[in-house]
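> Spelled out from the first residue to the last, the chains are:
Number of protein chains: 2
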Amino acid sequence: MAQVDYPEPVKALISQLKQLPGIGPKSAERIAVWMMQQGSESSGLFAEVVDRAGKLVVECRICGFFSTEEVGCGICDGQQRDLGSICIVEQPTDILPLERSGAYRGHYHSLRGRISPLDNVGPEDLRIGALVGRLREGDFSEVILALSSDVEGEATSNYLAEILTEFTGLKVSRLAQGLPAGGGLDSADELTLMRALQGRVGV
Amino acid sequence: MAQVDYPEPVKALISQLKQLPGIGPKSAERIAVWMMQQGSESSGLFAEVVDRAGKLVVECRICGFFSTEEVGCGICDGQQRDLGSICIVEQPTDILPLERSGAYRGHYHSLRGRISPLDNVGPEDLRIGALVGRLREGDFSEVILALSSDVEGEATSNYLAEILTEFTGLKVSRLAQGLPAGGGLDSADELTLMRALQGRVGV
Numbered sequence: 061m062a063q064v065d066y067p068e069p070v071k072a073l074i075s076q077l078k079q080l081p082g083i084g085p086k087s088a089e090r091i092a093v094w095m096m097q098q099g100s101e102s103s104g105l106f107a108e109v110v111d112r113a114g115k116l117v118v119e120c121r122i123c124g125f126f127s128t129e130e131v132g133c134g135i136c137d138g139q140q141r142d143l144g145s146i147c148i149v150e151q152p153t154d155i156l157p158l159e160r161s162g163a164y165r166g167h168y169h170s171l172r173g174r175i176s177p178l179d180n181v182g183p184e185d186l187r188i189g190a191l192v193g194r195l196r197e198g199d200f201s202e203v204i205l206a207l208s209s210d211v212e213g214e215a216t217s218n219y220l221a222e223i224l225t226e227f228t229g230l231k232v233s234r235l236a237q238g239l240p241a242g243g244g245l246d247s248a249d250e251l252t253l254m255r256a257l258q259g260r261v262g263v
Numbered sequence: 061m062a063q064v065d066y067p068e069p070v071k072a073l074i075s076q077l078k079q080l081p082g083i084g085p086k087s088a089e090r091i092a093v094w095m096m097q098q099g100s101e102s103s104g105l106f107a108e109v110v111d112r113a114g115k116l117v118v119e120c121r122i123c124g125f126f127s128t129e130e131v132g133c134g135i136c137d138g139q140q141r142d143l144g145s146i147c148i149v150e151q152p153t154d155i156l157p158l159e160r161s162g163a164y165r166g167h168y169h170s171l172r173g174r175i176s177p178l179d180n181v182g183p184e185d186l187r188i189g190a191l192v193g194r195l196r197e198g199d200f201s202e203v204i205l206a207l208s209s210d211v212e213g214e215a216t217s218n219y220l221a222e223i224l225t226e227f228t229g230l231k232v233s234r235l236a237q238g239l240p241a242g243g244g245l246d247s248a249d250e251l252t253l254m255r256a257l258q259g260r261v262g263v
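So the sequence lines, in the order shown, correspond to chains Z and S. For the first sequence, the working numbering gives the first residue as 61, with consecutive numbering after it. For the second sequence, the working numbering gives the first residue as 61, with consecutive numbering after it.
Bound-form chain Z, shown alone (with noise of 0.2 Å):
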């Protein structure tokens, strides 16, 4: 005798929800049997804000970040703006949690990746060719190559660094390493441990 399954539909909508990060099989099933559950309303409600997102969410030109328009988004065309000042990310996504700390107000660029030869991304794969024009263009005095300190974010901001000698008199700093705040020292590992010695400040 075959085996009952869920309808088509309904496998085709786990299938997806499978692919989703975080979601594995078991959560895949239940988010659809949760939606099956709504109603057709509800997830035709659903089904339009993931199409308008993705129809009309583009990559910013200017700085990497989601936007509706193709050149200058909400940070790019931000008034008040430190205009000397821009700040590299890897991803995006790395920009709100920047702006949510309030300690820095410049502007922004998204690398869209870093350089990870073992997934085949070289300079060339990320938006530096992007930075380097806003650089000759713009008027900024100061750059900070906030990447991961894992070892592909530092090489990365080691060839960044060595690109930015062209520019003489830009400030280049990174984003200091040490203690996590609240963090005690019995759950830091040693790397960690080293760079908050190394890094250590007067008081």
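Keep in mind that the hints were calculated from the coordinates and are not lab data. Accuracy of the hints is not assured; some may be wrong.
[As the list claims (entries may be wrong)] Computed cross-link-like contacts, BS3-like style, restricted to lysine-lysine with a CA-CA straight-line distance of at most 27 Å:
| hint | chain 1 | residue 1 | chain 2 | residue 2 |
| --- | --- | --- | --- | --- |
| 1 | S | Lys-115 | Z | Lys-86 |
| 2 | S | Lys-86 | Z | Lys-86 |
| 3 | Z | Lys-115 | S | Lys-78 |
| 4 | Z | Lys-115 | S | Lys-86 |
| 5 | Z | Lys-115 | S | Lys-71 |
| 6 | S | Lys-115 | Z | Lys-71 |
| 7 | Z | Lys-115 | Z | Lys-78 |
| 8 | Z | Lys-115 | S | Lys-115 |
| 9 | Z | Lys-71 | S | Lys-78 |
| 10 | Z | Lys-78 | S | Lys-115 |
| 11 | S | Lys-78 | Z | Lys-86 |
| 12 | Z | Lys-78 | S | Lys-231 |
| 13 | S | Lys-71 | S | Lys-115 |
| 14 | S | Lys-86 | S | Lys-71 |
| 15 | S | Lys-78 | S | Lys-115 |
| 16 | Z | Lys-71 | Z | Lys-86 |
| 17 | Z | Lys-231 | S | Lys-115 |
| 18 | Z | Lys-115 | Z | Lys-71 |
| 19 | Z | Lys-78 | S | Lys-86 |
[Said to hold, decoys possible] Label-pair ranges, simulated between beta-carbon atoms:
| hint | chain 1 | residue 1 | chain 2 | residue 2 | range |
| --- | --- | --- | --- | --- | --- |
| 20 | S | Gln-98 | Z | Tyr-164 | 27 to 33 Å |
| 21 | Z | Gly-82 | S | Leu-257 | 28 to 34 Å |
| 22 | S | Gly-242 | Z | Gly-82 | 24 to 30 Å |
[To be verified] Sample of chain S residues at the chain Z side, in silico, Cβ under 7 Å:
| hint | residue |
| --- | --- |
| 23 | Pro-67 |
| 24 | Leu-80 |
| 25 | Met-96 |
| 26 | Phe-106 |
| 27 | Gly-134 |
| 28 | Glu-159 |
All C-beta atoms, glycine included, are put in the ideal place defined by N, C-alpha and C.
With chain Z's structure known, arrange chain S on it following the hints.
Structure of chain S alone, referenced to chain Z:
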């Protein structure tokens, strides 16, 4: 200065995703950003699958399982099923785990809920009328109550057992309670152990 945030379509998508079961604000943001990075074709396909499932999938009027037909789903139409036996479950999602166990090949009836005074769910909100109708019209000899073993599930089982006394000659049983397969005594709670002792079987 206004706080920078995602464009409106992305925020709308995040707020839709947050409503899904098991998806918190962080996961919703990660999934939304992932979708935007996949491009509009991918999110368009996703939207289509969600919409299609919502439109095509209905509740089988006979058993309450998911179906693309109003009357008769993959189970109700199934050949070679034990026609005399009907298994009552709370949710349509409880049907597939029972099917996968391979230990039952009869019909099912999903109540689409259970009696829960705290949530204002009474017997009249469940598919009990449809169940009584099936039992009157069909030729069933056995009913298995496969509801949860918590307070509300047991209250619903008791209510059903009372109603089913109307049908003389109908064999009514409940699922056994005891140690879960592979479960040690140290991980079982007291109530489970009490039930396992009460339900002990001769060897």
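> State for each hint whether it applies.
These are the hints, each one checked on the structure:
no., hint, result
1, S:Lys-115 with Z:Lys-86, "holds (23 Å)"
2, S:Lys-86 with Z:Lys-86, "holds (19 Å)"
3, Z:Lys-115 with S:Lys-78, "holds (21 Å)"
4, Z:Lys-115 with S:Lys-86, "holds (23 Å)"
5, Z:Lys-115 with S:Lys-71, "holds (14 Å)"
6, S:Lys-115 with Z:Lys-71, "holds (14 Å)"
7, Z:Lys-115 with Z:Lys-78, "holds (22 Å)"
8, Z:Lys-115 with S:Lys-115, "holds (22 Å)"
9, Z:Lys-71 with S:Lys-78, "holds (22 Å)"
10, Z:Lys-78 with S:Lys-115, "holds (20 Å)"
11, S:Lys-78 with Z:Lys-86, "holds (18 Å)"
12, Z:Lys-78 with S:Lys-231, "violated (41 Å)"
13, S:Lys-71 with S:Lys-115, "holds (25 Å)"
14, S:Lys-86 with S:Lys-71, "holds (13 Å)"
15, S:Lys-78 with S:Lys-115, "holds (22 Å)"
16, Z:Lys-71 with Z:Lys-86, "holds (13 Å)"
17, Z:Lys-231 with S:Lys-115, "violated (58 Å)"
18, Z:Lys-115 with Z:Lys-71, "holds (25 Å)"
19, Z:Lys-78 with S:Lys-86, "holds (18 Å)"
20, S:Gln-98 with Z:Tyr-164: 27 to 33 Å, "holds (29 Å)"
21, Z:Gly-82 with S:Leu-257: 28 to 34 Å, "violated (41 Å)"
22, S:Gly-242 with Z:Gly-82: 24 to 30 Å, "holds (27 Å)"
23, Pro-67, "holds (5 Å)"
24, Leu-80, "holds (5 Å)"
25, Met-96, "holds (5 Å)"
26, Phe-106, "holds (5 Å)"
27, Gly-134, "holds (5 Å)"
28, Glu-159, "holds (5 Å)"
Violated hints, listed in ascending order, are 12, 17, 21; each of the other numbered hints is respected by the structure.
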